[in-house]
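Since chain A is already given, all that's left is putting chain B on it; use the hints.
Listed below are the residues making up each chain.
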Amino acid sequence: MAHTPSTVIDAVVVDETQHFTLMQLVRVCSTEPGQLVALVDEGVLSPQGDAPERWRFSGSELARARKALRLSRDLELGPAGTALVLQLLDEIDALRRQLDRLSPP
Amino acid sequence: MEFKDYYAALGVERAATPDEIKRAYRKLARKYHPDVSKEPDAEARFKDVAEAYEALHDPEKRAAYDELGRGHRSGERFDPPPGRNGGFEFSGRDAGPGDPADYSEFFESLFGRHHGAPRGAARGSGSDHHAKVVIELADAYRGARRVLSLRSPVPDGQGGVDFRERQLEVNIPAGVRAGQQLRLAGQGAPGFGGGPAGDLYLEIEIAPHPNFSVDGRDVRLDLPVAPWEAALGANLAVPTPDGRIELTVPPGSAAGRRLRLKGKGLPGTPPGDLYVVLSVRAPTATTDAQREAYAALGRAFAGFDARSELER
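If you read the sequences in order, they're chains A and B. The numbering used here numbers the first residue of the first sequence as 74 and each following residue consecutively. The numbering used here numbers the first residue of the second sequence as 3 and each following residue consecutively.
Read the hints as simulated data drawn from the structure, not as lab findings. Here a beta-carbon is modelled for each residue, glycine too, at the ideal position from N, C-alpha and C. Each hint should be verified, as a subset may be incorrect.
To be verified - Per label pair, the in silico range of CB-to-CB distance:
| no. | chain 1 | residue 1 | chain 2 | residue 2 | range |
| --- | --- | --- | --- | --- | --- |
| 1 | A | Gln121 | B | Glu69 | 32 to 38 Å |
| 2 | B | Lys29 | A | Leu168 | 22 to 28 Å |
| 3 | B | Glu138 | A | Gln121 | 55 to 61 Å |
| 4 | A | Gln121 | B | Gly265 | 28 to 34 Å |
| 5 | A | Leu150 | B | Asp307 | 49 to 55 Å |
| 6 | B | His59 | A | Ala167 | 33 to 39 Å |
| 7 | B | Ala257 | A | Leu150 | 42 to 48 Å |
| 8 | A | Ile165 | B | Glu69 | 43 to 49 Å |
| 9 | A | Val110 | B | Pro175 | 58 to 64 Å |
| 10 | B | Asp68 | A | Asp123 | 40 to 46 Å |
| 11 | A | Leu150 | B | Arg283 | 57 to 63 Å |
Claimed, not checked - Pulled a few chain A residues facing chain B out of the computed Cβ check, cut under 8 Å:
| no. | residue |
| --- | --- |
| 12 | Asp83 |
| 13 | Val85 |
| 14 | Val99 |
| 15 | Val101 |
| 16 | Ser103 |
| 17 | Arg129 |
| 18 | Ala136 |
| 19 | Leu144 |
| 20 | Leu148 |
| 21 | Leu150 |
| 22 | Leu162 |
| 23 | Asp166 |
| 24 | Leu168 |
| 25 | Arg170 |
| 26 | Leu172 |
Just chain A, with the same shape it has in the complex (with noise of 0.2 Å):
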């Protein structure tokens, strides 16, 4: 293993500023476009625009897509559990939220 020395780099936030392309995502998620497209179809996920061409995904959807893709791969879900899965998850999220802020210090 070779070292090479260290660089510096100003990261850029990836947020709702920031779009995606659907082969954009495809590429970031290292994925297959049909995968993503069943997202969409069950509401996972929300692109802008009318057509898989003319889709735009928002930069906050990116963990969101790659979240849903580990769960199917590693669950061994198909698109519809996935997204009943991270709609429990969603409210999971929200009690505990709502819990953290009722709870007595």
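Okay, now just chain B, sitting in the frame of chain A:
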């Protein structure tokens, strides 16, 4: 390197059928998957389970593992047989737990490394890599510089891959939130045939803080105050993730009162708010004077019922 007992990792017998292996994997995956599980060591446990499944669910790999592993026990020293030169090429699915570089050294010595340019492609851009970085809440307020050690595959010139360790200093901007992704352009896998390098994506995790909790850009602090501070009002110096600030507790405050410090949450457009939630802590009386003070308090609040909420 240590020998890994993949059967033990899945909790199955060596003679387990493929169906038993799949059932055991699915059960453990549901329990330890880091996206689902709240177990403290979920990530490490899941990695073990996924690696064991990767080795045992494929008949080719399972046979090779059984052959090589004969006579070895878990945790025992294991030296890969000579002449393997980075392991076999195996067919089958490439997707492992997270990034392929997550496999243990033991796994890679047996099955090789799942890297390299796609077969038949003469030129192309390198793949994008993903990693996670944990920062303190204060770093999210002020921005931070982090040194990352990355291990990435590079072609060794003989058709195989070698690993290169490199250090990267990353400027993380102020105002990042948990779960957000950062892009480091050109820091993923090198391209091949003159193609551009991929990007590196970092997922931000904010380490839990004993005093502050975070919800999006808003931050909450539970602030204990003395009964007289709540009743009479007070100017207090309170900690924020970005240093101390002066806070005015209005007179007549009760436990549970939320004070909003606008714009003192995580920076951004717009910045979040800092919510200070008051809790009242009464001291224990240990001297006669202190007991007398409580007695006087009791007389002054003769009509007060601390348990009015209990029985109705």
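Hinted contact Arg170 of chain A with chain B - closest CB pair below 8 Å: With a minimum Cβ separation of about 5 Å from chain B (threshold 8 Å), the hint on Arg170 of chain A holds.
Interface restraint verdict for Leu168 of chain A against chain B (beta-carbon cut-off 8 Å): Nearest chain B Cβ about 13 Å off; hint violated.
Leu150 of chain A as an interface hint toward chain B, with CB separation required under 8 Å: Since chain B brings no Cβ nearer than about 10 Å to Leu150 of chain A, farther than 8 Å, the hint is violated.
Chain B contact restraint for Leu162 of chain A - C-beta distance below 8 Å: At 7 Å from the nearest chain B Cβ, Leu162 of chain A passes the 8 Å test, so the hint holds.
Verdict for Asp68 of chain B, Asp123 of chain A (Cβ pair) under range 40 to 46 Å: With a Cβ separation near 54 Å, Asp68 of chain B and Asp123 of chain A fall outside 40 to 46 Å, so the hint is violated.
Distance restraint hint 58 to 64 Å, applied to the beta-carbon atoms of Val110 of chain A and Pro175 of chain B: Violated: the Cβ-Cβ distance is about 33 Å, outside 58 to 64 Å.
Status of the hint placing Ser103 of chain A at chain B (closest C-beta pair under 8 Å): Nearest chain B Cβ about 6 Å off; hint holds.
Status of the hint placing Asp83 of chain A at chain B (closest C-beta pair under 8 Å): holds (5 Å)
Verdict for Ala257 of chain B, Leu150 of chain A (Cβ pair) under range 42 to 48 Å: holds (45 Å)
Chain B contact restraint for Ala136 of chain A - C-beta distance below 8 Å: holds (5 Å)
Assessment of proposed distance window 49 to 55 Å (beta carbons of Leu150 of chain A, Asp307 of chain B): holds (54 Å)
Hint validity - Val101 of chain A Cβ closer than 8 Å to any chain B Cβ: This hint holds: Val101 of chain A lies near chain B, its Cβ roughly 5 Å from the closest one there, short of 8 Å.
When held up to the earlier numbered hints, the structure conflicts with 1, 3, 9, 10, 11, 14, 17, 21, 23, 24, 26 and fits the remainder.
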